[in-house]
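In this text, residue positions in the first sequence follow the numbering used here: the first is 400, and each later residue adds one.
Keep in mind that the hints were calculated from the coordinates and are not lab data.
In this text the structure is predicted, and so the values were computed from the model without any measurement.
The beta carbon of each residue, even a glycine, is placed where N, CA and C say it ideally should be.
Any given hint could turn out to be false.
Claimed, not checked - Keeping only pairs whose Cα atoms sit at most 20 angstroms apart, straight-line, the calculated PhoX-like set for lysine-lysine is:
1) K700 with K745
2) K581 with K600
3) K740 with K763
4) K581 with K450
5) K745 with K758
6) K497 with K537
7) K600 with K404
8) K834 with K775
9) K834 with K814
10) K758 with K770
11) K722 with K744
12) K745 with K764
13) K834 with K790
14) K801 with K722
15) K566 with K450
16) K681 with K760
17) K760 with K740
18) K760 with K745
19) K700 with K739
20) K790 with K770
21) K566 with K523
22) K486 with K566
23) K405 with K628
24) K814 with K790
25) K700 with K764
26) K581 with K537
27) K497 with K486
28) K878 with K835
29) K758 with K813
30) K539 with K486
31) K878 with K813
Stated by the list, open to error - Computed beta-carbon distance windows for the label pairs:
32) S804 with V749: 54 to 62 angstroms
33) K404 with I558: 38 to 46 angstroms
34) N805 with L837: 48 to 56 angstroms
35) E474 with Q683: 49 to 57 angstroms
36) E458 with V749: 23 to 31 angstroms
37) P505 with K537: 18 to 26 angstroms
38) E506 with V453: 43 to 51 angstroms
39) E806 with E738: 30 to 38 angstroms
40) K404 with K450: 44 to 52 angstroms
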Amino acid sequence: MKNEKKVRVRFAPSPTGELHIGGLRTALNNFLFARKNGGEFLLRVEDTDRKRFVEGSMERMIEDLRWAGLEFDGEPYIQSERLEIYKEYVQRLINEGKAYYCFCTPERLEQMREKQQQEKLAPKYDRHCLNLSTEDVKKKIENGEKYVVRFKIPEGTTIFEDLVFGKVEVKNENIDDQVLLKTDGFPTYHLAVVVDDYLMKISHIFRGAEWLPSTPKHVLLYQAFGWEKEMPEFVHMANILNKSKKKLSKREGSVSVADFRAQGYPASALVNFIALLGWNPKTQQEIFTMQELIEQFDVSKMNRAGGVFDIDRLNWISAQHIKRMSVEEIYIQALPFLEKKEYYKKWNAVQSALSAEEKEKYIKKIITIEKDRLEKFDQIGENNQFLFSDKIQISPDDLRWKDSSNEDTRNNLKKSLQVLENISESDWTLDNIEKKLLETAGDKRGDLLFPLRSALTGEKKSPSPFEVSWVLGKDTSIKRILSALDFLV
RNA sequence: GGCGCUAUCGUCUAGUGGCUAGGACGCCAGGUUCUCAUCCUGGUAACAGGGGUUCAAUUCCCCUUAGCGCUACCA
400 MKNEKKVRVR FAPSPTGELH IGGLRTALNN FLFARKNGGE FLLRVEDTDR
450 KRFVEGSMER MIEDLRWAGL EFDGEPYIQS ERLEIYKEYV QRLINEGKAY
500 YCFCTPERLE QMREKQQQEK LAPKYDRHCL NLSTEDVKKK IENGEKYVVR
550 FKIPEGTTIF EDLVFGKVEV KNENIDDQVL LKTDGFPTYH LAVVVDDYLM
600 KISHIFRGAE WLPSTPKHVL LYQAFGWEKE MPEFVHMANI LNKSKKKLSK
650 REGSVSVADF RAQGYPASAL VNFIALLGWN PKTQQEIFTM QELIEQFDVS
700 KMNRAGGVFD IDRLNWISAQ HIKRMSVEEI YIQALPFLEK KEYYKKWNAV
750 QSALSAEEKE KYIKKIITIE KDRLEKFDQI GENNQFLFSD KIQISPDDLR
800 WKDSSNEDTR NNLKKSLQVL ENISESDWTL DNIEKKLLET AGDKRGDLLF
850 PLRSALTGEK KSPSPFEVSW VLGKDTSIKR ILSALDFLV
């Protein structure tokens with residue numbers, strides 16, 4: 400059963416909207432499989448539905464995929480540019496009696512289905528046009544009657560082997576005479592997918608499990624064309640579900656890759672999360688780089704049951720990824736998010752004396768202390784806005800540690816002030832500040848550090864006073880302590 | 001309705017013909033600690049039901065149930 404064909408896979412989206420999570424997952428698994436096996440990862444644009452076509456959609460999808468780290472090999476195939484090819488192959492089936500013209504109107508088809516439904520039968524084309532004579536067909540076409548071409552499903556049973564779901568067997572009597580060519584001359588998905596996968600020499604089809612029921616039609620088409628030997632392996636992937644266990648649909652909003660991107664999730668985290676939905680390495684590892692995913696990807700480790708998209712888990716994975724990133728890397732990715740924040744804009748305007756270099760240095764310090772606190776990039780600075788503004792609110796109650804008196808608090812703030820004043824600008828490092836302050840605090844840490852932290856931040860919650868003073872710098876730190884002392888009379 | 005697929009903690013999942021059914025997220029409780037976050041420790045919680053097969057089934061088979069998908073001149 401070993402497939403010796405060169406690995407060639409494709410991602411084949413319809414340009415009808417934004418790339419959504421399910422699409423990313425399909426693309427990712429194709430990509431991982433191709434890279435793992437030294438194969439090619441191709442793009443095919445399935446734009447055969449003119450009614451749902453969305454201008455610019457394809458460009459945005461490609462951009463989102465690139466953001467996620469997926470790059471295509473070779474030139475894309477555009478189905479709307481290949482109409483003549485499909486017609487040619489359909490003609491071949493007609494000539495061989497494997498497909499037929501159908502002139503039934505939508506109204507007649509609807510009536511037929513209604514009747515079938517009433518009689519509790521499976522809605523299926525009744526082959527009304529199957530036995531039209533060649534002359535009849537010719538005459539109707541000459542009269543300008545609209546037609547489609549239908550696939551004449553042969554008798555028997557269709558069996559195929561899916562790499563995830565195993566053997567699937569369907570009786571042909573349950574399969575409808577599928578339309579292959581639409582009235583407008585465009586192929587349906589079923590025809591185009593088979594013809595193109597054959598011509599593109601696709602070795603494996605990774606696609607969502609919603610395609611499992613129509614795969615027998617495709618298998619039958621391969622047989623009708625005599626392409627059994629070239630038939631790709633099928634790899635259907637269990638669907639991603641929403642909280643109510645329905646298939647995650649692009650109509651629900653907030654499932655588009657662009658949305659997650661806009662929320663500041665690192666691409667590597669989204670990819671990690673998506674990869675683990677329906678696949679797992681059978682080890683304890685949870686956090687993966689793209690390289691690790693490629694190395695460990697294995698079709699035999701894919702699940703058959705659908706998985707629920709759990710945002711809590713994504714958040715955790717995202718935090719883990721950010722924690723593992725360098726300050727430089729976070730800076731590059733998070734800056735665009737920071738630049739949208741009002742507190743940053745104000746700070747940026749006020750600090751006109753600072754050079755761009757100095758500003759970058761300051762932001763990187765903030766990132767250093769926020770690294771372990773970020774779930775996504777757009778949270779940057781959110782909880783530490785006192786680092787962007789001098790107008791901090793200090794209340795005497797917040798300055799006092801437990802039941803310390805105002806006097807104790809004043810003394811402790813003065814002690815801190817002294818310590819910080821004695822550290823030179825060149826020694827103003829996180830380690831130094833921490834060391835010196837802790838030396839002074841001795842075993843009464845709260846007495847010294849709590850008022851200091853509050854004086855520096857004006858907040859009940861914040862990073863440690865070491866970190867905050869390190870970021871603020873000597874001058875600002877001293878200024879804030881002095882102004883806090885004014886509050887404690 | 002017809003056809004197909006699926007079924008382990010709330011969620012993602014590991015796993016085996018015999019185990020205290022494992023891990024992770026979440027949640028809860030403790031620890032570290034100047035607050036917050038991180039980090040550490042512990043706790044919570046699952047084999048859908050019924051029949052078989054078997055000395056023994058969560059695991060293999062069948063049925064039921066439930067969920068999902070498909071049932072378009074959409075993909």
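Hints, one by one, checked against the model:
1. K700 with K745: violated (51 angstroms)
2. K581 with K600: violated (25 angstroms)
3. K740 with K763: Given pair K740, K763 holds - Cα atoms ~16 angstroms apart, limit 20 angstroms.
4. K581 with K450: Cα-Cα ~13 angstroms, so holds.
5. K745 with K758: Answer holds: K745 to K758 is near 13 angstroms, not above 20 angstroms.
6. K497 with K537: holds (18 angstroms)
7. K600 with K404: holds (9 angstroms)
8. K834 with K775: Since the Cα atoms of K834 and K775 sit roughly 31 angstroms apart, the hinted pair is violated (cutoff 20 angstroms).
9. K834 with K814: Between K834 and K814 the Cα gap is close to 14 angstroms, so the pair holds against 20 angstroms.
10. K758 with K770: It holds: about 18 angstroms lies between the C-alpha atoms, which stays within 20 angstroms.
11. K722 with K744: The hint is violated at about 26 angstroms.
12. K745 with K764: OK: K745 and K764 at ~19 angstroms, within 20 angstroms.
13. K834 with K790: violated (29 angstroms)
14. K801 with K722: Violated. K801 to K722 sits at ~33 angstroms, over the 20 angstroms cutoff.
15. K566 with K450: The hint is violated at about 36 angstroms.
16. K681 with K760: The hint is violated at about 43 angstroms.
17. K760 with K740: holds (18 angstroms)
18. K760 with K745: holds (18 angstroms)
19. K700 with K739: Violated: K700 and K739 sit about 42 angstroms apart, past 20 angstroms.
20. K790 with K770: It is violated: about 25 angstroms lies between the C-alpha atoms, which goes past 20 angstroms.
21. K566 with K523: Cα-Cα ~25 angstroms, so violated.
22. K486 with K566: Outside the cut-off at roughly 32 angstroms; violated.
23. K405 with K628: holds (14 angstroms)
24. K814 with K790: Distance ~24 angstroms between K814 and K790 Cα, so the pair is violated.
25. K700 with K764: violated (42 angstroms)
26. K581 with K537: holds (18 angstroms)
27. K497 with K486: holds (14 angstroms)
28. K878 with K835: holds (19 angstroms)
29. K758 with K813: violated (30 angstroms)
30. K539 with K486: Distance of about 19 angstroms is within 20 angstroms: holds.
31. K878 with K813: holds (12 angstroms)
32. S804 with V749: 54 to 62 angstroms: violated (36 angstroms)
33. K404 with I558: 38 to 46 angstroms: The hinted range 38 to 46 angstroms is violated for K404 and I558, with Cβ atoms some 21 angstroms apart.
34. N805 with L837: 48 to 56 angstroms: Once the Cβ atoms are compared, 24 angstroms apart, the range 48 to 56 angstroms for L837 and N805 is violated.
35. E474 with Q683: 49 to 57 angstroms: violated (42 angstroms)
36. E458 with V749: 23 to 31 angstroms: Once the Cβ atoms are compared, 39 angstroms apart, the range 23 to 31 angstroms for V749 and E458 is violated.
37. P505 with K537: 18 to 26 angstroms: Since P505 and K537 have Cβ atoms about 23 angstroms apart, the given range 18 to 26 angstroms holds.
38. E506 with V453: 43 to 51 angstroms: Hint violated: Cβ distance 29 angstroms, outside 43 to 51 angstroms.
39. E806 with E738: 30 to 38 angstroms: violated (45 angstroms)
40. K404 with K450: 44 to 52 angstroms: violated (36 angstroms)
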